[in-house]
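Number of protein chains: 4
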Amino acid sequence: MDYKYEKLFEEKVFKDPVHRYIHVRDKVIWDVIGTREFQRLRRIRQLGTTYLVFHGAEHSRFQHSLGVYEIVRRIIDDGFSGREEWNDEERLLTLCAALLHDLGHGPFSHAFEKVFALDHEKYTQAILTGPTEVNAVLRRVSSDFPQKVADVIGKTYPDKLVVSLISSQIDADRMDYLQRDAYYTGVSYGHFDMERILRVMRPAEEQVVIKFSGMHAVEDYIMSRYQMYWQVYFHPVSRSAEVILIKILHRAKHLHNSGYAFAQEPVHFKSFFDQSIELEDYISLDESILLTYFQWWRKENDPVLADLCDRFINRRLFQYAEFEPATEYRKVVELEQLFRKVGIDPEYYLVTDSSSDLPYDFYRPGEENERVPIYLQMASGELRELSRSSEIVDAISGKRRTDHKIYFPEDLLDKKQDDPHINQILKMLRGSEGVDELVD
Amino acid sequence: MDYKYEKLFEEKVFKDPVHRYIHVRDKVIWDVIGTREFQRLRRIRQLGTTYLVFHGAEHSRFQHSLGVYEIVRRIIDDGFSGREEWNDEERLLTLCAALLHDLGHGPFSHAFEKVFALDHEKYTQAILTGPTEVNAVLRRVSSDFPQKVADVIGKTYPDKLVVSLISSQIDADRMDYLQRDAYYTGVSYGHFDMERILRVMRPAEEQVVIKFSGMHAVEDYIMSRYQMYWQVYFHPVSRSAEVILIKILHRAKHLHNSGYAFAQEPVHFKSFFDQSIELEDYISLDESILLTYFQWWRKENDPVLADLCDRFINRRLFQYAEFEPATEYRKVVELEQLFRKVGIDPEYYLVTDSSSDLPYDFYRPGEENERVPIYLQMASGELRELSRSSEIVDAISGKRRTDHKIYFPEDLLDKKQDDPHINQILKMLRGSEGVDELVD
Amino acid sequence: MDYKYEKLFEEKVFKDPVHRYIHVRDKVIWDVIGTREFQRLRRIRQLGTTYLVFHGAEHSRFQHSLGVYEIVRRIIDDGFSGREEWNDEERLLTLCAALLHDLGHGPFSHAFEKVFALDHEKYTQAILTGPTEVNAVLRRVSSDFPQKVADVIGKTYPDKLVVSLISSQIDADRMDYLQRDAYYTGVSYGHFDMERILRVMRPAEEQVVIKFSGMHAVEDYIMSRYQMYWQVYFHPVSRSAEVILIKILHRAKHLHNSGYAFAQEPVHFKSFFDQSIELEDYISLDESILLTYFQWWRKENDPVLADLCDRFINRRLFQYAEFEPATEYRKVVELEQLFRKVGIDPEYYLVTDSSSDLPYDFYRPGEENERVPIYLQMASGELRELSRSSEIVDAISGKRRTDHKIYFPEDLLDKKQDDPHINQILKMLRGSEGVDELVD
Amino acid sequence: MDYKYEKLFEEKVFKDPVHRYIHVRDKVIWDVIGTREFQRLRRIRQLGTTYLVFHGAEHSRFQHSLGVYEIVRRIIDDGFSGREEWNDEERLLTLCAALLHDLGHGPFSHAFEKVFALDHEKYTQAILTGPTEVNAVLRRVSSDFPQKVADVIGKTYPDKLVVSLISSQIDADRMDYLQRDAYYTGVSYGHFDMERILRVMRPAEEQVVIKFSGMHAVEDYIMSRYQMYWQVYFHPVSRSAEVILIKILHRAKHLHNSGYAFAQEPVHFKSFFDQSIELEDYISLDESILLTYFQWWRKENDPVLADLCDRFINRRLFQYAEFEPATEYRKVVELEQLFRKVGIDPEYYLVTDSSSDLPYDFYRPGEENERVPIYLQMASGELRELSRSSEIVDAISGKRRTDHKIYFPEDLLDKKQDDPHINQILKMLRGSEGVDELVD
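Residue numbers (UniProt numbering), protein chains in the order written: chain C, 1 to 440; chain V, 1 to 440; chain Y, 1 to 440; chain U, 1 to 440.
Please keep in mind that the hints were generated in silico from the structure rather than gathered at the bench.
Keep in mind that this is a model prediction, so the values were computed, not measured.
Hints are not guaranteed to be accurate.
For identical chains, the list gives no copy identity; a pair is met inside one copy or between any two copies.
[What the hints assert, rightly or not] DSS-like mimics (lysine-lysine), calculated; alpha carbons at most 27 Å apart, straight line:
(1) Lys415 / Lys427
(2) Lys341 / Lys331
(3) Lys7 / Lys416
(4) Lys270 / Lys253
(5) Lys4 / Lys415
(6) Lys211 / Lys399
(7) Lys299 / Lys270
(8) Lys299 / Lys415
Chain C on its own, in the form it takes in the complex (with noise of 0.2 Å):
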């Protein structure tokens, strides 16, 4: 039987918090799920370092990625089927794009990213194309498959309706993340009626729509996706977690190019530290074994990378401070000199975390990131672009929301209490509104 077709013997199901089941009857889906390259996402957490401020989102990218999977899956078979403008060879390929989407995604991504300037679409896409067993499955199916998978992935794909169940600002993608970051940080934000958006989902020529009678449904998703932006995703906490480990990431770099003799061996960095990144090298790495590594770092001779290691394995983190570029720049420059005068390196310990979000917006053509908007399919047919009807999303349509922190380390300041200087670096960070009071 060709493999494109071929069913298991019996469903598979796997018990998923979020969507109670997710069911498995493709053998190519199967296939793909025990592969080295996705299991390896068991040992990316979803939220990067959110678990050091909200302590049940220890979630993997793994479980998110079959959750993308099961909504297309179900958005597919109990939605599309059937209909014209949906063509049901396309369902294999969008499952695999749903499934594999985030399979790129380095340690810890953002940060990783940041150091390293790297882009995980590109290595979605490279261990797609690669020498890998997840292209050695994806072939089964035709040669020429594996690019298809990653050029649904890269929006490239002609067929736009399918790159829009897995990208757009009403996917698959958002669908899942929200909610399972929502149960797995236990906030009550990030819930909507999934349930009735997937059954006013319909297919339309270049992307999905949305039945008119859905828009509250809609509204209600966008408002949550808001909140969890604001409220689990740029929390201060995670993002000081986060500082912590760009500053690890750049510290070890740093020594390893000015030669430093590490007590241990950086191996699995090495090709990174280099900009000589082969995809087995990119493969290998995951948190463990990150964490691993600052573990042993903690005990290096460099007091900056031991100093680092030791607040990101035992939490404790910087703190930080309100902070407005625009008005306050001049502050910045005096707190570095300051930092230098007290004999703390402001490179490593005074550093400036930008967080914007963009809630939702309509198409403006032309700009960077054009934006596929939402569109309410009326009665008659005519599709309506999502901010015409609804007042509330039209409210916030295109307002970007920004947020600036500065972050430092209070403890070590508390320390040298004695120094003249200290006293006016506490009151330039002082004075702020303060840390909420949800900590971890």
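Knowing the structure of chain C, use the given hints to seat chains V, Y and U on it.
Below, chains V, Y and U without anything else, positioned relative to chain C:
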């Protein structure tokens, strides 16, 4: 102010998916949470290998420990405080014991303990009383406080009521893990009305007791526990992964002891292999480090170690069959011979494993592992053992259930189908009920 | 098009808190829901007087009936359809029987049936086959269709598999009411993994059976049922209200028969009092009407009727005490005499009441109320009765539990404290375990 | 002991699906709950006709009132108690006002008030201060206590902080009904993090305020409210039933006033029709009685009354179409003429209805219905109006949304298809977006 009674300026809260919030007001508790030894529990999974069958179960002992603390805090502050049977001087001690009861768990605890003949409770006590950060915090309360915490956890503390809150047939430990493990696996068992149980718990001289009106809630709790054992904790796929883990450690120890030259030296295991473990060696180990080694050992020259590590990391587990030791002992001997004939070492590839549970028992004096029964408190004040009032509990009381399985690598056998002995092996190992549909 | 197969142009959905949505595609089902006799179920509470103790339990038989329909629809459409043991020609009949199985319930069913010696199942059948709107809809399918629906509900239909979906020890009726009653009362019992049970239900020749791998889910269901019976359905406060209700109806009948001149004539009860009930009289009655009369009768001249009605309407219920008929029969006789001495009519104010439940039983041929047991389907196809595999079910199988109480108006007794007999009465009635703390 | 401070011997708890438990310790509260006027709220549905579209919404004002009480109790006892801005002498008054704020609601409140030009708040105050059971209980606290409770509910009580707990843009009333109505309808909107809001509520001089760190929880609450209004409270099918209810009462009043001889005399409505309502008449009425009359009036000789009652009882509702009063006023006049031509009285069968909501507003002095805005309390102690900090709330602040519909009996029109005017009518009434798929 006396450190024992010192309060934080503002209550700290942790968002918790199971208990909504965990509240900390005591400075001692806050300081204990910040120690290196307690933060280490973030890197030890609560359910060991279970995440390989229930993918949601990636949660750590860190959050379980906070949960047990929170339950005990609620029992004391909302229920016991002010009642004459309760001595509020024991409050901080009980809270510390609750928080720290799992401190000595090693990575993948049960497998690890089995191979190296360790006892996690002993290590908990060693960490509490040794030269550690947590000891330093506890000593600030009083010089004998660390030992007292160790005594409560070791069940030798004279106040049996305090001990029973942490270790009895209806303790805070069980109440947290049943609910938490149900939440993270996503199974619908494990739920019971804890709010009601907390309302009906009363302090008594020798132990915590339950007001008679709460009997049905306790019945439900016992049934939940029963279901969780058989549906989750003893799930054969999870045990399959544990069997492999044990065999990896066995093999590595064997290789080390026989002078094998590792490509990646087992530095961090050396003192375990040599049975010369220092406390610091123990504390330094966690699941990240094990997973890191296992990934590296996938490429060792020893085929058995490399294969077993690949199996564990990439979830290529052993298949299993039912097995009845009383009647089928000869079968195992015969299978071992057949395995040798086809060139598969039964020492590592044919493993029998048993699970056994006693859901509830009344007091049987003199028996090993005497169990303190659950007592109901009647309106008259009289205490009555649970199974005397509850027909359902009586029906299962003292009934041990045991399950035996035999594990083997079906894929290896399948590859050797030309060998004349293989058919015989497969015939002997199949024909059982087969694998449940729930997989991962 | 044949009415039997006619589909609605668009599927209709009902939002349901228990099953999320209830789906209707069949025109017949839609038409049945719209009939006067089915809409009447909105005015009959699912749990009778239970809302007087669990204030959330104000839900009607209307929503329960839709829920049973939805469960049966899912069993058939998602599970049975396409399997050879299932005859899809029985689909519409089974759905109609599920939807209509409670059609003949009167207001506060159990009390009402008891007083007037009625049988709701007979009335269900009479409404289905009589000159009613629902009969007119069903007759459009075929002339014998109403009778067939009645036969399924009456358990005389030849296809026992169809019957077992509606009436057996694991039927859709029980699965809906356990979950629904738990949801509305707010108790944490009553939950079990219905999704799993639906996945493992299989059609067999004589009844629905359960795949062996679902045994634990069935155990949990049986325990849920047990808890709901004793925690909710037999709650003594609810039974207290029912006792009063029964006495109201008795008194009104008695007054009517003895020629009492009602201020508010019991027009709508007349045929019930005279035992000359027409079908239309029965259909016309609902709980609104009973409550309306009871409010009016609060002002009748007869002190007993007025008092009982005031008690029911304004929730001034009887107190209760434990009572053991086998050993305490004399006590009741004595109490009756004492009540007469203090001028309280024991006929209306001293009431014994028993509740009894058999949580599960295997087949006992020849016994009254033979129960079809639950069968597990082994991998071999063999059917095995549940209690042979499940130790927990075996432990409770066939064990009937009975509870006896005696109800009396404590407030009336308290008012007569000067009477020398009162002390004796109170002494005889007190000293029991007393009222559980859960009240309303 | 002073009745005001009298406590029950044992705390009483009510099981509540929304708040888990409702706790009563004060004797006054317990006595109030037992009064006839409070028990009457069991016979008034919380959401009027909404159960005809969301079948789960059969819950009463009784449970909502308990819920509001419980929220206020938690705000005071767990949050305010001990803070200097809070005067604990107001505790019992606030609890009573919370419990009793809906006491004067009539059956199907909004429709009933509209037809008879009543104001439920006036009746609440009349019941509190009149010759009632609840007045007798409250008077035992002090002779002016009933009036004080009435003043808090009437918003004229001098302590504005007390008033704001019951009536403001973030009061206990709204927090209970949003969650409760979401629970009973089963919709996924209506959920917000009340636990968090309770944690960040602070007493201030003029009203309850919110700690700044709780801003996002408040945003979410406002969005929930917005969604509930448009998804549930203004659902057109529910409004269709309300339109019919209003027309029934109008018709009955008209018939009564014109001397029509009822088969079933409207005894209990007489004083309403004659505008000579006594307090006892008002208290005696509830939804059971209305439903009882409507069932009887189905058989009246007047065809309009009989038809409308049949529609309401058996859920044969009016269809609806969109309608824009500003531009389509003539259309209505024209339709009225056409209705008359085909022999359908537009007075009862062609009804326009509008819904309108202002989701949040800041303080606009001098405007009718001045709204007290929500204030955030900054770390500095400064109060800042919510929309100044929240972009999302700012975006919707002060934006009123209105929806107009026209209701008509499509079935009647369909029956007259031979009439030449019917086509014209149907053409004018159709072509709108049509009915949402959610029906019942």
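How the hints compare with the structure:
1. Lys415 / Lys427: Only inside one copy: lysine 415 and lysine 427 sit 16 Å apart there, 71 Å across copies, limit 27 Å.
2. Lys341 / Lys331: Within one copy only: 15 Å inside, 77 Å across.
3. Lys7 / Lys416: Between copies, since 25 Å is at most 27 Å while 67 Å is not.
4. Lys270 / Lys253: Classified as within: same-chain Cα gap 9 Å, cross-chain 30 Å, threshold 27 Å.
5. Lys4 / Lys415: Between. Shortest inter-copy distance 24 Å satisfies the 27 Å Cα cut-off; intra-copy 65 Å does not.
6. Lys211 / Lys399: So lysine 211 and lysine 399 pass the 27 Å test inside a copy (25 Å) and across (25 Å) alike.
7. Lys299 / Lys270: Answer is both; intra-copy 19 Å and inter-copy 19 Å each pass.
8. Lys299 / Lys415: Within. Shortest intra-copy distance 21 Å satisfies the 27 Å Cα cut-off; inter-copy 47 Å does not.
The structure meets every hint from the earlier list without exception.
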